[in-house]
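Novice: Now for the letters of each chain:
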Amino acid sequence: MSLWRMEWARSLRKRENYAFLLTWVITLVLLGGIGQALPIAADYTNISATLITVLGLLLPLFILLTTALHWGQERESKRLNLLSTFTYPKWKFIFIRFSSFLVTQVLVLLLAFLIASLVVGQSFTTWIILFAYATGLTIYATALGTLLGLLGRKRIRAMLLAFLTWVVFVLLWPTILVTIISWLPYGIQVNGMIASLFVNGFDLMRIWASTSVSSPDIFGSVYLQLLTWMNQPVGSVVVWATLLATSGLLLWLASKMAWRKTS
Amino acid sequence: MKRLLVSILFMCWMPYVNAEETRTPLTEPIVIESNELFDGDGEMYTSCGHPAFILRGTGAVLEHVSVQQCEGDDVPAVQVSGLGHQLIDVSIESSGTGLLIENSYGVRVIRTLIQGNGQADGIVLLNSEASELKGVVAKEVRDGIYIENGSRHKIVRPIISHSRYGIHLMFPTDVVISVPELHHNLTGAMIMGTDRVTFQNGNVHDQFGGTATGLMLYEAVDTIIEMTHIYGNHIGLYAEQSEGTILERNAINGNDIGFQLKQASGMMILRNNLLGNREPVTMFKSSENVVQGNVWGGTTLDLNRDGYSEIPFRTDPYLFLLTDSYEAFELLYGSPGLLLLENILRSPEDVSLTDGSPQTDSAIWHWNGSIWSVGSIFLLIIIWIFGRKRHEIV
Numbered sequence: 001m002s003l004w005r006m007e008w009a010r011s012l013r014k015r016e017n018y019a020f021l022l023t024w025v026i027t028l029v030l031l032g033g034i035g036q037a038l039p040i041a042a043d044y045t046n047i048s049a050t051l052i053t054v055l056g057l058l059l060p061l062f063i064l065l066t067t068a069l070h071w072g073q074e075r076e077s078k079r080l081n082l083l084s085t086f087t088y089p090k091w092k093f094i095f096i097r098f099s100s101f102l103v104t105q106v107l108v109l110l111l112a113f114l115i116a117s118l119v120v121g122q123s124f125t126t127w128i129i130l131f132a133y134a135t136g137l138t139i140y141a142t143a144l145g146t147l148l149g150l151l152g153r154k155r156i157r158a159m160l161l162a163f164l165t166w167v168v169f170v171l172l173w174p175t176i177l178v179t180i181i182s183w184l185p186y187g188i189q190v191n192g193m194i195a196s197l198f199v200n201g202f203d204l205m206r207i208w209a210s211t212s213v214s215s216p217d218i219f220g221s222v223y224l225q226l227l228t229w230m231n232q233p234v235g236s237v238v239v240w241a242t243l244l245a246t247s248g249l250l251l252w253l254a255s256k257m258a259w260r261k262t263s
Numbered sequence: 001m002k003r004l005l006v007s008i009l010f011m012c013w014m015p016y017v018n019a020e021e022t023r024t025p026l027t028e029p030i031v032i033e034s035n036e037l038f039d040g041d042g043e044m045y046t047s048c049g050h051p052a053f054i055l056r057g058t059g060a061v062l063e064h065v066s067v068q069q070c071e072g073d074d075v076p077a078v079q080v081s082g083l084g085h086q087l088i089d090v091s092i093e094s095s096g097t098g099l100l101i102e103n104s105y106g107v108r109v110i111r112t113l114i115q116g117n118g119q120a121d122g123i124v125l126l127n128s129e130a131s132e133l134k135g136v137v138a139k140e141v142r143d144g145i146y147i148e149n150g151s152r153h154k155i156v157r158p159i160i161s162h163s164r165y166g167i168h169l170m171f172p173t174d175v176v177i178s179v180p181e182l183h184h185n186l187t188g189a190m191i192m193g194t195d196r197v198t199f200q201n202g203n204v205h206d207q208f209g210g211t212a213t214g215l216m217l218y219e220a221v222d223t224i225i226e227m228t229h230i231y232g233n234h235i236g237l238y239a240e241q242s243e244g245t246i247l248e249r250n251a252i253n254g255n256d257i258g259f260q261l262k263q264a265s266g267m268m269i270l271r272n273n274l275l276g277n278r279e280p281v282t283m284f285k286s287s288e289n290v291v292q293g294n295v296w297g298g299t300t301l302d303l304n305r306d307g308y309s310e311i312p313f314r315t316d317p318y319l320f321l322l323t324d325s326y327e328a329f330e331l332l333y334g335s336p337g338l339l340l341l342e343n344i345l346r347s348p349e350d351v352s353l354t355d356g357s358p359q360t361d362s363a364i365w366h367w368n369g370s371i372w373s374v375g376s377i378f379l380l381i382i383i384w385i386f387g388r389k390r391h392e393i394v
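Sequence order for the protein chains is A and B. Sequential numbering from 1 applies to the first sequence in the UniProt record's numbering. Sequential numbering from 1 applies to the second sequence in the UniProt record's numbering.
Bound-form chain A, shown alone (with noise of 0.2 Å):
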């Protein structure tokens, strides 16, 4: 616990954080704005869709970026090496330094949440299902980064890692998807694009949350049934556990890593 509170201190006073702070506020407190302009409140906006769509595009590359330079600076600067030497499982050190980080993460996500919700409207559901969504990138984003910090041994590998599996995960991925699923055959394409969510977890985030804060009908027919599904409480825990259980893949491959270059 000793540890964990270190470490969580070191993460809070990181500069950066003010940065987020900023950003995220800034961009809920715009768009936000711009959905009580309407003249009719419906429940889902286009304010909400944009939200997903800026958090979806920004937070990935934000916490991608951060986490894989700080793991790079690490391995570096051969801290690593000398933090081996402790008696301290490699797997324990990874999670308390990726827990710290996602804790400090969702308090500043939270405090931006907050400051926005004082001149925006939303229902608190949208808020909170919003929250929870951003929230879902982050834990996968952080392991993610954390695998690629320690995959790149140096800061500017690290970096790039990072930013080309953001390009591919997020920027690419339609333009990926609309190349294989267009050459499967007409009755397959379907499950092709459903079995494409639990591969990215940035993907599966944006769907759980769009269906979510909206109604099953929002991707159309063909997609009704698993969104009906999505949208009971089992579905969301489906959705939630693929999501922790892939973050924790990532973190146990990192562990591995880490365990291995530095021994």
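Where hints are given, some of them may not hold.
Straight-line alpha carbon distances no greater than 27 Å define the calculated DSS-like cross-link-like pairs of lysine-lysine that follow [to be verified]:
#1 A:LYS256 <-> A:LYS78
#2 A:LYS256 <-> A:LYS154
#3 A:LYS92 <-> A:LYS154
#4 A:LYS92 <-> A:LYS256
#5 A:LYS154 <-> A:LYS78
#6 B:LYS389 <-> A:LYS90
#7 A:LYS78 <-> B:LYS389
#8 A:LYS14 <-> A:LYS154
#9 A:LYS154 <-> A:LYS90
#10 B:LYS389 <-> A:LYS14
#11 A:LYS92 <-> B:LYS389
#12 A:LYS78 <-> A:LYS90
Not close to chain B: a few residues of chain A, all C-beta gaps over 12 Å, as computed [claimed, not checked]:
#13 THR135
#14 MET159
#15 PRO233
#16 VAL237
#17 LEU244
Just so you know, these hints were derived from the structure itself, not from any lab. Source: prediction; values computed, not measured. Heads up, the beta-carbon is just placed ideally off N, CA and C, and yes, glycines get one too.
Mind docking chain B on chain A? Use the hints.
Specialist: Chain B only, in chain A's frame:
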């Protein structure tokens, strides 16, 4: 005290006394001939296997009646043919068609309530002319109002919900629909093969199901849709192979897709408010449309402060093209990477839809805070400050 108790008891008892109504079973239809008036005084008639009322000839009037059909009946509850009939304050609980009007002229239906079981239509007008439907309320029917052929119909203040189509027009001409309230249907109004239909001052909202469309135009010519609020649907307005449609001063907000246009040409899209839709418009093969002065929620820049932006709003058919060919790609709506894809695969000008001078929109902020939220902010800041303090292992 005793008087007070008696009064309270009497007041509580009153509604039950009034709720009692006589039921008259009909063994055969009541036929109302030319110039006859049938006033049911609120009485309820039950019918099985045949219509409860048949109006024929000229100028028959049916008023203040309730009709209840037997379960599984597939005949209309009330059947009308002829000229100038009137139905006033008629209430129908139907399992077949509620009210069938065929080969008629100038029939007036005023304040009619139809409760169905989702199997048959509420009001059906077949090959009729100049009918007037005022204040029709239909719930849980197949189509609230179904009109096939005919012309010059006028529908005022219909309220239709929990049905397949609220209003379903098949090939009539010169129809005016005013102040409709269409909600929780699969599609608010389906306008197909029509000529000169006007839809105005309506509220079309919260349709449900995978398609959940507010208004659907298919092969409709010269349709006018104006001053209507369309919100909370999957697609606000869908137009396919429709020409000469005028969409003016509508508020189309909070839908997944505001407008979806497919092979719709010669349209005039003027001064509509399309804020708050996930995608304001998706279109495909829709050309030669006049688009001006709408609020899209895109980037605007008003240099001369006339309320109109100097930056045009341009929509691209890419997304619609994609999902039209491959339905599976609908899952990509709202994907951050799609923004990039749309810009890379930019379509030529002649197949895109451009609003040369969109209206500017402004953001509004107002205080929504509470002691709880302000307190929570301070608490988080305190946690942050204390959490930052150096903590070394000793």
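Novice: All the hints need checking, so say for each whether the structure fits it.
Specialist: For each hint, the structure was consulted:
no., hint, in the structure
1, A:LYS256 <-> A:LYS78, "holds (17 Å)"
2, A:LYS256 <-> A:LYS154, "holds (18 Å)"
3, A:LYS92 <-> A:LYS154, "holds (22 Å)"
4, A:LYS92 <-> A:LYS256, "holds (12 Å)"
5, A:LYS154 <-> A:LYS78, "holds (10 Å)"
6, B:LYS389 <-> A:LYS90, "holds (25 Å)"
7, A:LYS78 <-> B:LYS389, "holds (26 Å)"
8, A:LYS14 <-> A:LYS154, "holds (20 Å)"
9, A:LYS154 <-> A:LYS90, "holds (19 Å)"
10, B:LYS389 <-> A:LYS14, "holds (12 Å)"
11, A:LYS92 <-> B:LYS389, "holds (23 Å)"
12, A:LYS78 <-> A:LYS90, "holds (15 Å)"
13, THR135, "holds (15 Å)"
14, MET159, "holds (20 Å)"
15, PRO233, "holds (21 Å)"
16, VAL237, "holds (21 Å)"
17, LEU244, "holds (22 Å)"
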